[in-house]
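> Each chain, written out:
Protein chains: 2
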Amino acid sequence: MTTPTLDGETVEIYDTTLRDGAQQEGMNLTVADKMLIAPLLDELGVAVIEGGWPGAIPKDTEFFALAAKELDLRHAELAAFGSTRKAGARAHDDVQVRALLDSEASIVTLVAKSDIRHVERALRTDGEENLAMIADTVRYLTGEGRRVIVDAEHFFDGYRFDPDYALRAVEAAFTAGASDVVLCDTNGGMLPDWVHAVVAEVRTRTSGRLGIHAHNDTGCAVANSVAAVQAGARHVQGTVNGYGERTGNADLLAVVANLELKLGARCLVPGALTEVTRIAHSVSEVTNIPPFGRQPYIGASAFAHKAGLHASAIRVDPDLYQHIDPTLVGNDMRMLVSDMAGRASIELKGRELGIDLTGRPEVLTKVVDRVKNAEANGYTFDAADASFALLLQEELDGHRPAYFRVESWRASVLYSERIGGDGECEATVKLHAGGARVVQTGEGNGPVNALDHALREALLGTYPEIASFELVDFRVRLLDTSHGTDAVTRVLIQTSDGASVWSTVGVGPNILEAAYEALVDALVFGLVQAGVEPR
Amino acid sequence: MTTPTLDGETVEIYDTTLRDGAQQEGMNLTVADKMLIAPLLDELGVAVIEGGWPGAIPKDTEFFALAAKELDLRHAELAAFGSTRKAGARAHDDVQVRALLDSEASIVTLVAKSDIRHVERALRTDGEENLAMIADTVRYLTGEGRRVIVDAEHFFDGYRFDPDYALRAVEAAFTAGASDVVLCDTNGGMLPDWVHAVVAEVRTRTSGRLGIHAHNDTGCAVANSVAAVQAGARHVQGTVNGYGERTGNADLLAVVANLELKLGARCLVPGALTEVTRIAHSVSEVTNIPPFGRQPYIGASAFAHKAGLHASAIRVDPDLYQHIDPTLVGNDMRMLVSDMAGRASIELKGRELGIDLTGRPEVLTKVVDRVKNAEANGYTFDAADASFALLLQEELDGHRPAYFRVESWRASVLYSERIGGDGECEATVKLHAGGARVVQTGEGNGPVNALDHALREALLGTYPEIASFELVDFRVRLLDTSHGTDAVTRVLIQTSDGASVWSTVGVGPNILEAAYEALVDALVFGLVQAGVEPR
Chain A
1 MTTPTLDGET VEIYDTTLRD GAQQEGMNLT VADKMLIAPL LDELGVAVIE
51 GGWPGAIPKD TEFFALAAKE LDLRHAELAA FGSTRKAGAR AHDDVQVRAL
101 LDSEASIVTL VAKSDIRHVE RALRTDGEEN LAMIADTVRY LTGEGRRVIV
151 DAEHFFDGYR FDPDYALRAV EAAFTAGASD VVLCDTNGGM LPDWVHAVVA
201 EVRTRTSGRL GIHAHNDTGC AVANSVAAVQ AGARHVQGTV NGYGERTGNA
251 DLLAVVANLE LKLGARCLVP GALTEVTRIA HSVSEVTNIP PFGRQPYIGA
301 SAFAHKAGLH ASAIRVDPDL YQHIDPTLVG NDMRMLVSDM AGRASIELKG
351 RELGIDLTGR PEVLTKVVDR VKNAEANGYT FDAADASFAL LLQEELDGHR
401 PAYFRVESWR ASVLYSERIG GDGECEATVK LHAGGARVVQ TGEGNGPVNA
451 LDHALREALL GTYPEIASFE LVDFRVRLLD TSHGTDAVTR VLIQTSDGAS
501 VWSTVGVGPN ILEAAYEALV DALVFGLVQA GVEPR
Chain B
1 MTTPTLDGET VEIYDTTLRD GAQQEGMNLT VADKMLIAPL LDELGVAVIE
51 GGWPGAIPKD TEFFALAAKE LDLRHAELAA FGSTRKAGAR AHDDVQVRAL
101 LDSEASIVTL VAKSDIRHVE RALRTDGEEN LAMIADTVRY LTGEGRRVIV
151 DAEHFFDGYR FDPDYALRAV EAAFTAGASD VVLCDTNGGM LPDWVHAVVA
201 EVRTRTSGRL GIHAHNDTGC AVANSVAAVQ AGARHVQGTV NGYGERTGNA
251 DLLAVVANLE LKLGARCLVP GALTEVTRIA HSVSEVTNIP PFGRQPYIGA
301 SAFAHKAGLH ASAIRVDPDL YQHIDPTLVG NDMRMLVSDM AGRASIELKG
351 RELGIDLTGR PEVLTKVVDR VKNAEANGYT FDAADASFAL LLQEELDGHR
401 PAYFRVESWR ASVLYSERIG GDGECEATVK LHAGGARVVQ TGEGNGPVNA
451 LDHALREALL GTYPEIASFE LVDFRVRLLD TSHGTDAVTR VLIQTSDGAS
501 VWSTVGVGPN ILEAAYEALV DALVFGLVQA GVEPR
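Quick note, the sequences are listed as chains A and B, same order.
Mapping to the UniProt record's numbering: the first sequence position 389 is 389, numbers consecutive.
Mapping to the UniProt record's numbering: the second sequence position 109 is 109, numbers consecutive.
Note that these hints are calculated values from the structure, not bench results.
Do not rely on the hints blindly, as some may be mistaken.
For chains that are exact copies, the list does not tell them apart, and a pair is met inside one copy or across any two.
Taking lysine-lysine and the DSSO-like style, the derived pairs with C-alpha atoms no more than 30 Å apart in a straight line are [stated by the list, open to error]: (1) K349 with K69; (2) K59 with K69; (3) K430 with K59; (4) K366 with K69; (5) K86 with K349; (6) K430 with K86; (7) K349 with K430; (8) K430 with K69; (9) K372 with K430; (10) K430 with K366; (11) K59 with K86.
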């Protein structure tokens with residue numbers, strides 16, 4: 001039967017998580033969020049990262065300004081998104097078009113109308129002027145040295161209504177110098193055979209490279225993207241985790257996995273496919289939108305087997321029950337994680353942290369049990385190496401290093417209309433260290449901050465090494481939101497001593513207790529790492 | 001271009017939510033759950049409801065016994081799932097085959113092997129015996145008056161490896177009297193063009209009715225199901241909400257919507273398509289798995305628009321921006337408010353909330369400014385309708401409803417090793433309501449929970465309506481993680497009064513101040529909505 005049909009063909013991968021993905025309900029990416037996500041996409045080797053719409057959205061203008069100074073991309077180029085010039089004006093007089101140049105992005109992606117009904121009813125101009133708007137704007141921007149991609153909005157609906165006009169819009173873009181025209185299923189209503197037929201027809205009737213931009217309203221965004229490539233498109237737009245307005249954009253990493261693994265195309269930099277699970281989850285951490293367990297290829301459940309019917313056969317012959325080897329996308333077959341692979345990966349992880357577990361099978365068994373139990377209670381060690389290292393060391397030594405003992409702590413917030421402004425936050429810690437009992441109060445702009453200050457100040461006399469520790473990142477996640485404020489809270493923090501950064505985790509019934517646990521782990525790990533003995 | 005190609009053709013819809021859907025990670029359906037879900041599926045008019053595997057799973061045996069007595073289905077027939085007889089035995093001696101008859105289900109669905117590698121390596125028998133197992137079991141059960149459907153497991157993998165053997169398995173089933181042979185993409189690794197090609201080939205080489213059973217491992221389960229029908233299959237299996245093992249089964253209602261609305265086929269009873277959103281959400285209530293907002297057709301976000309670019313055009317001409325009229329599947333168009341929103345989307349949103357802003361351009365301008373300013377400071381309104389409605393009403397009236405005035409509040413957590421266990425959380429509120437000053441302390445398992453309790457208890461005397469309010473969801477997000485614990489915190493909460501749910505937002509320098517703001521908005525909105533006047 002069918003074998004790979006795109007063998008060795010290159011497909012350009014264009015990520016629009018930061019622009020179209022950000023249209024998702026409940027997502028509100030800050031400039032800092034975008035600065036965190038862009039390098040993750042770059043690690044995968046996507047060709048283009050669309051950063052936003054400078055000139056239209058102030059936050060996006062700011063992002064491009066910061067990116068030009070501070071973002072050091074190895075593989076990807078940044079694209080600025082914007083629209084063609086206004087009707088009846090000139091491209092170089094258009095403030096929004098100039099803002100695209102000012103963004104300093106080497107690629108400009110212009111959204112253009114190709115459905116005559118949208119031209120007349122939404123843009124309120126005529127077909128000829130719209131074609132002139134496309135041609136002028138593309139010509140002006142290419143003249144300024146930019147690569148210009150044209151997103152032909154509502155293309156499939158437009159083509160099905162009036163193919164000749166839709167094709168004229170594509171030709172106007174190519175003639176003016178666009179590198180690619182991207183056929184957009186903006187409303188997401190297409191099915192794969194329709195997409196295939198339209199792309200194949202457009203390909204025979206135009207000259208330039210075609211792209212595809214699909215939305216998931218029929219549940220077919222991934223299939224529509226693949227169908228377009230099979231019909232000759234060589235540029236694919238989508239978003240990490242399928243983020244986007246309504247039902248979302250095409251899940252870019254699922255499309256890439258299909259193109260590379262099923263059809264033999266080249267999309268990412270070699271070797272990067274094994275990182276997609278990790279990167280997709282890291283992006284979720286930034287967007288703070290919980291990952292969808294059933295997500296193809298990268299979901300936590302994607303290779304999790306439950307069927308008792310298959311269990312013994314899977315053990316013998318996993319290839320019979322998996323469409324691909326999950327390690328190809330950096331995912332795991334979950335059934336085996338509990339025994340064989342679990343032990344192996346923990347041994348590997350220990351080695352990575354400088355803790356040798358070879359020849360200590362009884363420790364390994366205990367650590368596997370503790371990790372499984374802890375993860376069932378909400379802990380995660382993927383993003384908390386330092387907490388994991390302390391757990392491992394504790395199982396090896398039989399105890400934790402006894403730097404200090406906390407007798408009690410209290411943290412509070414007081415808001416009063418008489419004081420005005422923000423509330424007053426303070427924390428008091430009572431602890432034993434260096435043979436003395438210390439009572440210390442700290443203040444902060446939140447109760448966690450106050451608790452962090454109280455803990456450090458209480459310990460500084462005994463452990464002056466702590467002076468160089470700084471809390472550099474702090475994340476909160478509620479793990480089970482079905483019980484309102486009764487949800488379990490997980491806190492992940494990163495601490496730095498100027499030379500290295502370490503991550504710790506805490507889980508508790510509320511943010512303060514979870515944060516306290518992560519803060520204590522951070523201090524203990526920092527002292528261990530600095531070679532400090534308990535005093 | 002392409003128009004409906006299945007005009008008036010009937011496609012049999014086979015729901016396997018209760019059997020294959022129940023393999024989903026984290027799902028554990030009780031007999032009572034199944035008794036609640038089956039009538040919901042019947043309301044839609046699916047042709048077959050697969051209830052489980054009697055004889056193999058005790059809970060399923062029990063379900064069929066209870067269903068035979070108490071389940072009164074108007075449209076659907078129940079199917080019992082099971083496997084062909086054991087190798088080397090006789091069908092009527094096989095305990096599990098007899099259990100299928102004992103279930104009293106009028107339809108029996110037999111899973112059968114069609115991939116020679118699975119026959120040899122998992123079943124550990126030979127090709128001829130497997131064919132005899134299929135033929136004997138089908139013949140025995142049809143002889144007992146049952147309609148028999150055969151699920152050809154791993155069919156596509158098997159066909160691509162050894163088409164002749166796979167076809168012999170199909171023919172064995174049809175010759176013995178099976179009404180349908182369902183081609184299963186058990187591992188979920190197929191793409192639509194492969195499915196189309198295989199189904200079309202099998203159709204030319206066999207005589208009976210073919211079905212499709214797809215899994216979503218490539219993100220193409222819906223597209224694969226549609227492709228199979230386009231190639232001639234006339235029976236589709238899937239699950240509500242795409243539940244199922246790994247990445248899930250084909251989302252049955254998305255397949256049905258595509259077949260009916262895009263291709264003109266007949267699947268459900270006439271008129272039932274407008275009920276699919278309600279039914280899918282009701283099934284979520286029973287399974288207790290939160291609905292996925294981006295789910296095609298039925299998700300809460302499926303017809304939610306955020307982009308300011310489009311809002312003004314949507315107002316004029318919604319059909320330009322929706323692939324279907326959402327009421328066709330019982331869903332609604334929603335406008336989301338964000339910093340990308342302009343005047344048009346805010347006017348539309350107001351209308352949706354029952355607040356008319358036509359002829360109030362000065363209010364509109366002020367609201368747009370406040371929204372943009374608030375979102376720049378970390379607020380988000382697309383997930384906080386109630387806070388947005390209060391903002392809008394405040395701009396219209398010039399003030400907020402004065403239900404109460406908070407003089408001060410304090411919340412604290414105390415942890416002490418002498419007490420042990422979790423920390424003690426309490427909050428004290430001092431407020432003025434109903435002409436009196438109230439001082440009230442609340443406890444909780446976290447400081448936010450304690451503050452929530454203190455606020456409600458302080459107000460209950462004056463506003464007993466609050467007794468029915470319940471906090472049902474609580475989300476925290478740190479908005480700028482580059483400053484450690486100095487980050488700004490955003491809290492989104494959902495509150496219910498049993499009849500409706502509303503969402504509010506708060507932003508502050510820490511979780512408590514942010515939560516306080518969202519809690520107050522939630523109480524005020526609930527009182528406004530209940531028509532309560534300030535006392």
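> At most 30 Å between alpha carbons: which applies to K349 and K430, within, between, both or neither?
So K349 and K430 fail the 30 Å test inside a copy (35 Å) and across (52 Å) alike.
> When no copy is specified for K430 and K366, does a C-alpha distance of 30 Å or less occur within a copy, between copies, both, or neither?
neither (33 Å within a copy, 51 Å between copies)
> Give the relationship of K59 and K86 under a CA distance limit of 30 Å: within one copy only, between copies only, both, or neither.
Classified as within; 22 Å inside a copy, 66 Å across copies.
> With identical chains treated as interchangeable, where does the CA-CA distance between K430 and K59 reach 30 Å or less: within a copy, between copies, both, or neither?
neither (44 Å within a copy, 39 Å between copies)
> I want to check one pair: K349 and K69. Are their C-alpha atoms no more than 30 Å apart within a copy, between two copies, both, or neither?
neither (36 Å within a copy, 39 Å between copies)
> For K372 vs K430, is the C-alpha pair at or below 30 Å within one copy, between two copies, both, or neither?
neither (33 Å within a copy, 45 Å between copies)
> Are the CA atoms of K59 and K69 at most 30 Å apart within a copy, between copies, both, or neither?
Within one copy only: 16 Å inside a chain, 63 Å across chains, cut-off 30 Å.
> When Cα atoms must be at most 30 Å apart, do K86 and K349 count as within-copy, between-copy, both, or neither?
For K86 and K349, the Cα distance is within 30 Å only across copies (27 Å; inside one copy 57 Å).
> I want to check one pair: K430 and K69. Are their C-alpha atoms no more than 30 Å apart within a copy, between two copies, both, or neither?
Cα proximity of K430 and K69: none, with 46 Å in one copy and 50 Å across.
> Can you tell me if K430 and K86 fall within 30 Å by alpha carbon in one copy, between copies, both or neither?
Close neither inside one copy (66 Å) nor across copies (57 Å); limit 30 Å.
> Treating 30 Å as the Cα threshold, decide for K366 and K69: within, between, both or neither.
Intra 49 Å, inter 35 Å, cutoff 30 Å: neither.
When the structure is compared with the earlier hints, violations turn up for hints 1, 3, 4, 6, 7, 8, 9, 10 and for no others.
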